[in-house]
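Asks: The listed protein sequences derive, respectively, from chains A and B. Here our numbering runs 120 ahead of the position in the first sequence, where the first position is 1. Here our numbering runs 3 ahead of the position in the second sequence, where the first position is 1.
Think of the hints as simulated: they come from the structure by calculation, not from any bench. Zero decoy hints are in this set.
Taking lysine to any residue and the SDA-like style, the derived pairs with C-alpha atoms no more than 25 Å apart in a straight line are:
| id | chain 1 | residue 1 | chain 2 | residue 2 |
| --- | --- | --- | --- | --- |
| 1 | B | Lys-352 | A | Gly-181 |
| 2 | B | Lys-334 | B | Ser-321 |
| 3 | B | Lys-114 | A | Gly-320 |
| 4 | A | Lys-313 | B | Glu-156 |
| 5 | B | Lys-438 | B | Ser-468 |
| 6 | A | Lys-313 | B | Asp-81 |
| 7 | B | Lys-54 | B | Asp-164 |
| 8 | B | Lys-166 | B | His-84 |
| 9 | B | Lys-114 | A | Met-294 |
| 10 | A | Lys-234 | B | Ser-409 |
| 11 | B | Lys-114 | A | Val-296 |
| 12 | A | Lys-313 | B | Arg-120 |
On a predicted model such as this, the values are computed, not experimentally measured, just so you know.
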Amino acid sequence: MKSRFKVPDELGIVGVLIIVAVAMALMSPSFRSGGNLSVLLENGVVVAFLALGQTFVLLTGGIDLSVGSNIALTGMLAALTMAAGFPWWVAVIVALLVGIAVGLFNGLIVHYMKLPPFIVTFATFGITASIPKILTNAQSVNIADPMFAVIGRGSLAGIPTPVILVVIALLIFMFVLHRTPYGVHLYAVGGNKETSRLAGINIARVTISAYVVSGICAAFGGLITMSRLMVGYPSAGSGNEQFYSIASSVVGGVSLFGGSGTILGAFIGAILIATVSNGMNVLGVPSFWQPLVIGVIILGGVTLDGYRRAAAARHSGLRRIRRNRNKDNPPESAAEPMPAPAGKTPGSS
Amino acid sequence: MATDNTGWRAEGIVKVYSGIQVLKGVSISLRPGEVIGLVGHNGAGKSTLLKCLSGAVTPEAGTISLDGEALTLTSPQDALHRGISTVYQELALLPNLTVTENIFLGEELTKGGTLDRRGMREVARDLTRQFNLEVDVDRRLGDYPVATRQLLEIAVATHRDAKYLLLDEPTTALESAQVEQFLALVRELSKDRGLGILLIDHKMSELYAVADRIVALVDGEVRIDADVASVSEEAIVEAITGEPATTVGADHQVTLDRDEPTSPPGDVVLKVENLRNKDLEDVSLTAHAGRVLGIYGLIGSGRTEFLRTLIGLGAVDSGSIELFGAPYTPKSPADAQRRGIAYLTEERKIDGIIPLRDSVSNAVLPVINRYSRYGLQLQPGRLRAAGNEYMDTMRVRGSRTAPVASLSGGNQQKVLLARVLAQHPKVLLLDEPTKGVDIGVKVEIHRMLRALAAEQGLTVIVVSSEEEEVLAVADDVVIFSDGYCSGETQHAAGLTDADLRKAAWSH
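The shape of chain B in the complex, shown without the other chains:
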């Protein structure tokens, strides 16, 4: 093994995003030939740590050193020149260029000032062969499936004289055969070529197959840093999931809500059985009138895709859906709306608000025809009155005539919830209804959602990656994991944060 000085170490890394410490003094070291498996829950700070290490973001505090020499990384390019190569979660190659052009992007080989296409093609062929990639290096990268591109990206990362490789969940887009291929590759790169590899991965089995050391990150702190041989899988999952939530003050308010009597299970409103499509492997669940159903799962477990499938934004390959006792085939968001389903998007800024319109227009957008004479002439007075009424219900604060983008995130979210109400829905599909919302507003939204179910008998389905939220808002909980949902419903009242996390981590 290397002497104490060699390798690459980061000490006391602190990163603050909008006032919140995402990393609270993380120290980690990586030696040549070593594979570190970095695990942690959603939002534990794994990707942020990786970005600090790769120079993509600058930490507020902490030092990074390479073989004992202190470094300040100001850009990914900087890190690359030091031999630190990173593969981010998002694909970073260009589909409009050929495989060869991608491999050499920014470092093209030239002969007398012109491109040495033949030379590059040969190196590219060698490289792809080495990685067992069956590709024509002269074809555009966009012609190949995501999995191939992901492997190619790793190939490209190692090609650039990398000594250290940082990989952020590289296996999510891979099929099982390719996962094995990938793991074999990681072993070869570390053991035969002496690369130091930091691997972020959700799957314990994969980590145990390749890692020498496991580092578990919990709430921005290193909780475990141990040889893989000396720590059991259970201990790691325990560390990641076992901690009860520590956000006290706010939780109490929410818990008061939990003490209100929950409505008895009403009629079955939505019944999904063995739903499959390209994002969902097998999803079954049942939602009842007058109850809030919480869907909990890790990012990428198919939760969002499930909701979007229900409103016609994803194909149904097989399985059955029943809505109010009748078979239902999702066609389009407009059709779903007519059937009484209202949807709240997870991405407020992408497909939620229309930023430059005022909040009244945003709130009544789907039902604007209701406030017109013969569907032609708008009646601004009625429209404004109705919009204001829904927004009063949601307690939207701030100007209602200014562009909605000028409101705070929390109030924008409430405008979107007002839009949900304006549709007079019977079924609410809410994806992360309190995303980016501060704690006070969060409690308010939870209370309203519970009231909608309990008092008005609506069926509310809430997707959330926060355990506290699911437990606070839901009557019943189902777990999504890797595209699966068994439909097994648990009462929220008897569950703890740890139960949920454990369930999401075990398949």
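Next up, chain A with everything else stripped away, as it sits in the complex:
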């Protein structure tokens, strides 16, 4: 009955992160410098944001392939808003609204049309990647409002603003997933939609909101990306961001099958990937090695997930347990000594 000491789910990924960081630090003095830590975090922030949103979608059993291109769409629309003479905060609101709209679009189609999330968000990826290029004829747009730079370049007490933003988002999401009924419902829907429906959970709301959260996170990614450069460029997010957001979540223990994993794990996964990229840069490893190394790390993470699922399945009711019956103890004799219920005695009715 008593609660045993529970090993946190994130322990494994933290261990891997420490090993990688220590190894990098031993190999390169410049990796150890405080300045590099700041660079590492800043470079990892966009992927971390995307991974947070991606985790919401993965927990429902879906996947969001549109987050990378959504960076370009939201960031470019923010840049265009400012180019049209609006202040920075209007641009931020526009970016967030666009992020929400893309999430709604994905979520509504996935839920109501009952189409596979992979295909729906892949289509959205194409659409959101093209729109900014169509709008600007594939030209970049300079951003003039200096206040906008605070989002990507500012800092508070020496901590870069984007890092502060992503940590705030992480804390909010941890709270939402762990401390609200909605959080439980998200895990429930990812575990089994039908059961959740029978339990009275609003599946539409849960599913669609997960994509919306992902869209909002992508909008933050877009704002940070554009703000760091003070240029809106339509091919933003077409690199590894998309791929690494999924990788971060999976390496962090979020199951691709839905219903299991934590947002903190995904966040640490994003830091791990940022550490690997940064460490390899610092060590002077050619950048084309990075996808290979990260690919290997992902395989490791997914394999581990597979093991965990297999272990869980051994425990579970996939196989029915037979009654413990043998010839010395047939069920008739087992059941006979039972006291008769009150209603069974003749005449009691």
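Starting from the structure of chain A, add chain B where the hints point.
Replies: Frame of chain A, contents of chain B only:
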């Protein structure tokens, strides 16, 4: 006892599935504090009735009322709000959530908008303690065995202010000690808390231990509805099993088959002795060349698991298997195939057909290498010719180039049987070979199976839950019951439906 109006009653419930009346006007009533034991044979309509009562399916006709007020149940949620809680045969809790989260799923306690985890944990601890469940409420449910989950599910069902509880075979996953615990629980819930409980159960001893009233369902109609004290166990089994089958027209055609001379028992081909694994308690049987062996038993008696064990899909814990006189240890379906065993699955759609491939590809799937040059280059002409030949033998009708899913269920089944033939097997293991197949095709399949045994000397083993089918197709019959098969073989010719049913119901 309650006045006439109180309680919950269903009248004249009719449910039709694909043109067949599964329930033919069933009336049943349940009062607070009463336990009704619902019994019936496979397919008698018990689970369907339960689903109508719980709002999971909508009946075509009939009324449901609670304390005299007529209800229309449109969803399980609807029923739940009326205090009708259901535990289905399939587990309905989520293994990826904790015990506490499962207990409160959809009705979480909150404090100022956030989860009141402490409050929920306390209620969960109380509840599990009350039900004598030794669980850590903060652990994931998936960490616990099925039996625990089943009991927990009942606990959860009662937790939600239920006044009526519908339980569909809740004891199948329980061990005997837990069965007693469960029965004690049912008594307590009904007598002390005044819940009305409807309990579907195959085991008479369990029903007699708790039920106040027994309702026996036969072919979608209530055959017995009586106080448990006024009706004997024998009378109930008699009612469930004693009726001779009434499907006349088709039966005659099948019976004509029975008049054909059956081949004399040939060599022993398959000999299984005291086979045990986690689904099988103790199975012995012998199958002969040139004969059809029918395996009859209730759902869950281990029939399917037995066939799957023979082709390497289940571990052999102990016991011996001999195939053609040599010891045989099942390794894998591919290995079984090489030894001449062909298997037909019970679940056509799950592990039978490849729905989007054409019927030729489906039919020759296991032997596709045969129609290639050096095992590399496929020879489409030969492949098509061979596939068509097997399908002609099975008389598959419909397009052979369209996806097999576009064929009727009966023809899909024949494609799968063509696949069995294509393997040139010596032993056929067929699980419900006529499942979902209409009567005409059924007769055809029976005739072919008998011909395969009689004319080609194959060993055919047919698992079926239909008495008529077993009697029509088999030379010899063995009975599976609760994971046991004694190996005692009876000649099909001397048996009746009632004999089979009785044998399956008595251990």
